[in-house]
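Colleague: Protein chains in written order, with our numbering: chain A, 587 to 988; chain B, 96 to 398.
Since the hints were derived computationally from the structure, they do not count as laboratory data. All of these numbers come straight from a predicted model, not from anything done at the bench. There may be inaccurate statements among the hints.
Derived lysine to any residue pairs resembling SDA-like cross-links, with alpha carbons at most 20 Å apart [to be verified]:
| id | chain 1 | residue 1 | chain 2 | residue 2 |
| --- | --- | --- | --- | --- |
| 1 | A | Lys787 | B | Gln374 |
| 2 | B | Lys217 | A | His589 |
| 3 | A | Lys751 | A | Asp871 |
| 4 | A | Lys616 | B | Arg377 |
| 5 | A | Lys616 | B | Val376 |
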Amino acid sequence: MSHRVIVPIGPYHPLQEEPEFFQLYVEGEKVVDIDIIIGYNHRGIEKLAEGKHYDQVPFLVERICGICSSSHPYAYVLAVEDILGGEANVVPERALYIRTIVNELERIHSHLLWLGLAGHFIGYNTVWMWAWKYREPVLDMFEMITGNRNNYAMMKVGGVRRDIKEEDISIVKKMLDELVPAVDMFKGAVMDDPVIQARLKGVGILTKQQAIDWCVVGPTARASGLNIDVRRDDVYGVYDRLNWNVIIEKDGDIFAKTVVRILELYECVSIIRQCLDKMPKGEIDADVKDIPSGEGLGRVEAPRGECLHYVKSDGTNRPVRHKIRAPSFMNVASNKVACIGGTISDATITLAAVDPCYCCTERVAVMRKSDNEKVLNGWDLIKLSQEKTDKIKEGMLNARPQ
Amino acid sequence: MKALFDYLIFPGFLFSAVIGLLAGWVDRKVTARLQWRVGPPWYQNFMDIIKLFCKETIVPEGAKLTFLFSPFFGLLSLALVATILGRSIIAPAYGFIGDLIVVLYLLMIPAIALIIGASSSKNPLASVGASREMKLVLAYELPFILSIIVVIIKSQGVIRLGGIVEHQMAFGSNIASISGVIAFLVALICVQAKLGFVPFDASESEQEIMGGVLIEYSGLPLAIFKLTKAIMLYTAPLLLMTLFLGKDLSPVFAVAKYIGILVVIILIKNTNPRLRIDQSVRFFWRFPAVLSLVAVVLALFGK
Chain A
587 MSHRVIVPIG PYHPLQEEPE FFQLYVEGEK VVDIDIIIGY NHRGIEKLAE
637 GKHYDQVPFL VERICGICSS SHPYAYVLAV EDILGGEANV VPERALYIRT
687 IVNELERIHS HLLWLGLAGH FIGYNTVWMW AWKYREPVLD MFEMITGNRN
737 NYAMMKVGGV RRDIKEEDIS IVKKMLDELV PAVDMFKGAV MDDPVIQARL
787 KGVGILTKQQ AIDWCVVGPT ARASGLNIDV RRDDVYGVYD RLNWNVIIEK
837 DGDIFAKTVV RILELYECVS IIRQCLDKMP KGEIDADVKD IPSGEGLGRV
887 EAPRGECLHY VKSDGTNRPV RHKIRAPSFM NVASNKVACI GGTISDATIT
937 LAAVDPCYCC TERVAVMRKS DNEKVLNGWD LIKLSQEKTD KIKEGMLNAR
987 PQ
Chain B
96 MKALFDYLIF PGFLFSAVIG LLAGWVDRKV TARLQWRVGP PWYQNFMDII
146 KLFCKETIVP EGAKLTFLFS PFFGLLSLAL VATILGRSII APAYGFIGDL
196 IVVLYLLMIP AIALIIGASS SKNPLASVGA SREMKLVLAY ELPFILSIIV
246 VIIKSQGVIR LGGIVEHQMA FGSNIASISG VIAFLVALIC VQAKLGFVPF
296 DASESEQEIM GGVLIEYSGL PLAIFKLTKA IMLYTAPLLL MTLFLGKDLS
346 PVFAVAKYIG ILVVIILIKN TNPRLRIDQS VRFFWRFPAV LSLVAVVLAL
396 FGK
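Next comes chain A alone, as it looks inside the complex (with noise of 0.2 Å):
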């Protein structure tokens, strides 16, 4: 007979960065069930969003998560150009040049400081820092680039908002030249590492069908065989003009994971590199006056992957609708399948292993009891928050001393 234990990750805990809570359901040290509760960092960003004007958004939407702050005003972009007529008729072609390389800095970033995190959850803290100290000239190509190492502020609807100069263009191939033996070492170092391997190695395994069943997107997908890649299959930027290819793993576990997005680095500078070399001259910005009435979806592959966003127009100012699905939050429900059956020390790399992003995926939660189905609208939810507000002043006025 076997004792069941609950083993808490979370809400506070030392494994993610990020407010979320797993519980391992646990037998000894292995792992036989597990519930994940997400909903800690909701901010009501589709909600805000509506209340601000076309030209504000990106600058609310890419304040949803500091890694993917540029995937997210992208798609947002996207999906407002959708109505417009599509990126590709709307924005200047250095724009969509400028607006393909700003993504895919993001993507090195990203798959670094995941590259970084996961070193550090497997007790590895030195590949942590290294990766950290390779992901600084990145960040600085950012601030050369756009003005800042996070929040980029490059997106606009209708193009961008700074124009890259013909003098940085050369001291970014030149850093991007160090990035690559970076990346080597890395590749050597966690590749042909056996101690790594075998942490790693059919660890957390996703299957190809259980990737389907669990809609995962992104590298998460890829790791398991699925071939999609939304920079391919819905192409923006200027993507189906530049010569790159998508990674794909078939082993669908933890190291297989590692290897595409140490891979899909490769892919990232050289993709970045044929940008600076074709990259036309000219306007990057179209001037979008008015945003007519209709419906708009934009797609984004995220460094996590696909990133979507729907917006709807009612031709005036303000979008009436603004609907965002994070990669994460396909990704992280995979986890249910993927860390039953392995051990504790299993469970908190495989948690990290679809590079999850909380703040990105959070949803208001609902509890549904099991007589009265309850679901929440707007009003419910201004209600709820009126009523707490009553009660903690109300809380504040019994404690003052008489």
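Since the structure of chain A is provided, determine the placement of chain B on it from the hints.
Modeller: Just chain B, lined up with the frame of chain A:
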């Protein structure tokens, strides 16, 4: 009176604690430099201990009395190890027959204290950590003892630390042979596990079980555990040095050898990920255990 001085001041508790905390600083500094960081100043570990002494001690509800006692058992026994070891290095002629066996027993007590303390804290994560620690002790003790048996064979059956040092002074270090090298490497790996360093730190892995065995400790008991770890960082490499590299233990050489062993341990710590506990156990029973058996056989044949 002399014995009390030896135990409390030099080479016992106070001396070993100071050296251990300094060694902890070497560990942090070397680690930091390896990771492109600056690292703390030399007095950082002292400040940490002082800070912990000043902090409130929180005892979880339902914890048993052993929760507070076990840290002290570990510290007291390790201080005794430091005393015995230090005395047999300074004056090899003293000591008693069988003090090596006493040292081996006493070296095990901190791990047992950790297990008892964690188990009495009533925390599920601590109990996971305690069970991991227990498995690890069972895994590394056998190869560790076997590799020390090699030393005993090499020293013509002497089981007195001073005698082993004297033998090495006369006939050269124990490491200067095939069996000696193998036994030294095995013992080094076992010391890595004894110290609870990566790759064998599953019992208190921060990312998985949030410090595991130490999760409920705070204030004074936590400081005692940290001190115990510091003294372990002093005694365990010192034991290796005494047993395997004992030819010339004049102060300069002794310090150089000690720091050498320390740096090797730190390098192993920083170039490996953490092993799962089942992998650790399998590793110890497969490689070090077999290798140390081979070393014993080789030593018996005089190689």
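Colleague: Report the numbers of all earlier hints that the structure fails to satisfy, in ascending order.
Modeller: Going through the list in order, the structure violates no hint and respects every one.
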